[in-house]
Amino acid sequence: DQQVKQNSPSLSVQEGRISILNCDYTNSMFDYFLWYKKYPAEGPTFLISISSIKDKNEDGRFTVFLNKSAKHLSLHIVPSQPGDSAVYFCAASARAGNNRKLIWGLGTSLAVNP
Amino acid sequence: DAGVIQSPRHEVTEMGQEVTLRCKPISGHDYLFWYRQTMMRGLELLIYFNNNVPIDDSGMPEDRFSAKMPNASFSTLKIQPSEPRDSAVYFCASSFQGHGYTFGSGTRLTVV
Chain A
1 DQQVKQNSPS LSVQEGRISI LNCDYTNSMF DYFLWYKKYP AEGPTFLISI SSIKDKNEDG
61 RFTVFLNKSA KHLSLHIVPS QPGDSAVYFC AASARAGNNR KLIWGLGTSL AVNP
Chain B
1 DAGVIQSPRH EVTEMGQEVT LRCKPISGHD YLFWYRQTMM RGLELLIYFN NNVPIDDSGM
61 PEDRFSAKMP NASFSTLKIQ PSEPRDSAVY FCASSFQGHG YTFGSGTRLT VV
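Quick mapping for you: the protein sequence lines, in order, are chains A and B. So the first sequence is residues 1 to 114, counted in this note's numbering. So the second sequence is residues 1 to 112, counted in this note's numbering.
Hints in this document: simulated from the structure, not taken from any laboratory. For every residue, glycine included, the Cβ atom is placed at its ideal position computed from N, Cα and C. There's no promise every hint is true.
[Unchecked claim] Cross-link-like lysine-lysine pairs, in silico, DSS-like; alpha carbons within 25 Å at most: (1) A/K5 with B/K68; (2) A/K5 with A/K101; (3) B/K68 with A/K68.
[Unchecked claim] Between beta-carbon pairs, the in silico distance windows are: (4) B/I55 with A/I53: 19 to 27 Å; (5) B/P81 with A/E58: 46 to 54 Å; (6) A/Q2 with B/P54: 48 to 56 Å; (7) B/I55 with A/N7: 27 to 35 Å; (8) B/P8 with A/S69: 44 to 52 Å; (9) A/V78 with B/M15: 22 to 30 Å; (10) B/R64 with A/R17: 23 to 31 Å.
Make the full structure from the sequences, and use the hints.
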């Protein structure tokens with residue numbers, strides 16, 4: 001049972017335009033969400049996170065939006081650059097107690113075309 | 001800091017052999033995670049440690065897999081005996097208080 005779903009395996013965007021990557025989750029206990037970026041032959045690197053007490057978090061060109069009622073979050077990249085081409089993973093956790101376990105989506109491969 | 005260091009980067013072994021993957025976390029980090037990545041299942045958490053103590057090993061697929069963390073600067077993931085279905089990329093990650101992980105570059109394991 002996939003608790004975190006990234007339904008688009010791939011996305012192609014023109015340089016300078018907006019990239020929107022989507023993520024849905026099923027577990028209402030999740031209260032912390034993260035996005036990671038992964039280049040080939042490297043480990044994932046942390047990009048941005050959001051707590052369930054917020055509905056938006058922004059860091060430079062990257063903004064994450066959280067819609068708790070829809071159990072949906074999205075990552076916006078504006079403007080998109082060729083160096084953003086990578087696989088993007090959505091992850092979620094229920095941080096009650098000492099739990100530090102992240103549940104991951106399968107990833108969306110983003111291609112930003114010059 | 002050199003980041004999370006994993007060795008080897010690539011491992012090819014024959015079915016039935018023992019495989020040991022190694023990880024050196026970032027100094028000062030108190031959490032260490034072992035993940036396996038496959039095309040079909042994505043990133044799966046195998047086990048994680050807090051202050052060298054295993055907290056959750058529910059993701060370890062079977063008894064052939066074992067992990068240890070003898071001290072704060074070293075961890076191993078062992079597969080004995082290895083099988084072809086164990087072929088995957090294995091990642092180690094560390095974290096301070098569980099806030100944001102730093103991943104190593106992974107070990108690509110091929111069991112033939």
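Each hint, compared with the structure:
1. Among the hinted pairs, A/K5 with B/K68 is inconsistent with the structure: their alpha-carbon atoms are about 31 Å apart, more than 25 Å.
2. With a C-alpha separation of about 17 Å, the suggested pair A/K5 and A/K101 falls inside the 25 Å cut-off, and the hint holds.
3. Under the criterion of a C-alpha separation no larger than 25 Å, the hint pairing B/K68 with A/K68 is inconsistent with the structure, at around 38 Å.
4. Our hint of 19 to 27 Å for B/I55 and A/I53 holds, since their Cβ atoms are close to 25 Å apart.
5. For the hinted restraint 46 to 54 Å between B/P81 and A/E58, the CB-CB distance of approximately 50 Å keeps it satisfied.
6. For A/Q2 and B/P54, the hinted distance range of 48 to 56 Å is not satisfied, since their beta carbons lie about 25 Å from each other.
7. As the Cβ distance of B/I55 to A/N7 is approximately 31 Å, the hint placing it in 27 to 35 Å holds.
8. For the pair B/P8 and A/S69, the supplied restraint of 44 to 52 Å holds, since their beta-carbon distance comes to about 47 Å.
9. Between A/V78 and B/M15 the beta carbon distance is about 49 Å. The supplied range of 22 to 30 Å is therefore violated.
10. Roughly 48 Å separates the CB atoms of B/R64 and A/R17, a value that falls outside the hinted 23 to 31 Å.
In this structure, the earlier hints numbered 1, 3, 6, 9 and 10 are contradicted, and the remaining ones agree with it.
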